[in-house]
Amino acid sequence: MAGHDDSGSSEKSLNGLPTFNAENMQNNMKAIYYSRTFMSIIGGVIAGILGFTSLTGFVFYFLVMAITSVGLIAKAGFTIHSYFDSWNQIIFDGILGGLMSFVLFWTFAYDIVHIF
Amino acid sequence: MAEDLVLDTAIRDWVLIPLSVVMVLIGVLRYFVSKLMRSSSQSPDPKIIKEGQVIVRARNLRAAANFIPAKSFRARKAYFSNEENGLLFVPKGQASNPQAQMFSDPNMAMDMMKKNLSMIIPQTLTFAWVNFFFSGFVAAKIPFPLTQRFRSMLQNGIDLSTVDVSYVSSRSWYFLNLFGLRGLFSLILGEENAMDDTQKMMQMGGFGFDPTKSLGAEKDNLDIVQHDWALPKFEQRAEEVLRKRIAEH
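So the protein lines, in turn, are chains G and E. For what it's worth, this note's numbering labels the leading residue of the first sequence as 1, then goes sequentially. For what it's worth, this note's numbering labels the leading residue of the second sequence as 117, then goes sequentially.
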């Protein structure tokens with residue numbers, strides 16, 4: 001699968017050849033990483049304030065990540081192949097990376113609001 | 117489960133929040149200190165940079181080889197890798213090589229030591245500080261249950277086996293912060309901070325970095341590239357499209 005940047009009608013002759021700019025690709029991946037990290041921190045604070053415990057919190061985390069994925073896809077204008085290699089990148093990348101931040105901020109907000 | 121253990125609000129105000137704030141501030145401070153150290157010792161060798169740029173250009177040629185005609189590719193390849201004066205060609209027995217390495221070694225070693233120190237010293241200091249002021253507090257409670265196995269991880273510094281595992285001691289809260297704040301740092305300080313560790317690894321790998329060797333390797337890579345032009349009918353197609361355009365008008 002190739003991200004056809006600006007290729008438009010010339011797709012036919014470029015069949016199967018990867019035609020993407022590595023730098024732009026990296027930039028896009030970075031954007032995904034940043035939005036995921038941001039959402040995991042915000043989601044952690046929200047989960048803590050709402051007082052979710054145990055399984056509810058983790059379900060909430062994956063819900064937030066799903067919303068982020070949808071948001072990213074919408075931002076890409078539902079034509080992700082002009083920005084990314086495959087669906088996996090936009091849907092699954094960096095989900096587990098944000099978990100630690102989520103747990104930290106979840107705990108922090110939960111403790112401040114509910115425990116003391 | 118909150119009714120099991122009542123935590124004093126003073127612990128929140130004087131342990132939990134200060135600890136987290138200090139961790140964030142120390143992370144920011146460390147970032148700026150390491151940035152200062154890095155910029156002060158900036159003395160790039162023009163020769164090394166030149167060779168690096170040549171390698172980058174050769175790599176670009178290799179990556180985009182199929183988008184230029186065979187003739188152009190051959191010309192460029194000869195420019196890079198012919199045996200007389202190609203840019204990637206290194207004459208045998210180059211005398212300057214060991215000298216150059218000797219020259220660049222102490223600088224690099226110093227640089228790496230500085231970077232390492234700027235990582236290790238604040239961490240040690242913070243850990244000592246947490247140990248000294250906050251040892252033995254039950255500082256927080258994580259909002260999900262865990263098994264007994266996590267007790268040594270989360271209740272580091274409390275020797276009570278009856279406390280529920282989800283209560284976190286102050287020292288373990290420090291560790292949680294250490295790992296969990298990485299994401300926040302990458303947001304507020306830019307990517308450089310997050311990349312620090314991996315960059316250091318790369319530097320470790322390339323410590324005995326020999327530019328002539330990588331030039332030779334890039335030359336070999338370029339030599340084995342199979343050229344296969346991706347756009348053989350390009351001109352005809354362009355003509356077709358343009359004719360269609362004209363016919364439309």
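Rather than coming from a laboratory, the hints here were simulated on the basis of the structure. Hints may contain errors.
To give an idea of the chain E side of the interface with chain G (calculated C-beta under 8 Å), a few residues [claimed, not checked]:
| no. | residue |
| --- | --- |
| 1 | T125 |
| 2 | P134 |
| 3 | K257 |
| 4 | P259 |
Nothing here was measured: the structure is a model prediction, and the numbers come from that model. For each residue, glycine too, the CB sits at the ideal point set by N, CA and C.
Evaluated hints:
About 5 Å separates the beta-carbon of T125 (chain E) from the nearest beta-carbon of chain G, less than 8 Å, and the hint is met. Annotation: interface hint on P134 (chain E) violated; nearest CB of chain G at approximately 13 Å, more than 8 Å. Annotation: interface hint on K257 (chain E) holds; nearest CB of chain G at approximately 5 Å, less than 8 Å. Annotation: interface hint on P259 (chain E) holds; nearest CB of chain G at approximately 4 Å, less than 8 Å.
Hint check: a violation occurs at hint 2 only; the rest are consistent with the structure.
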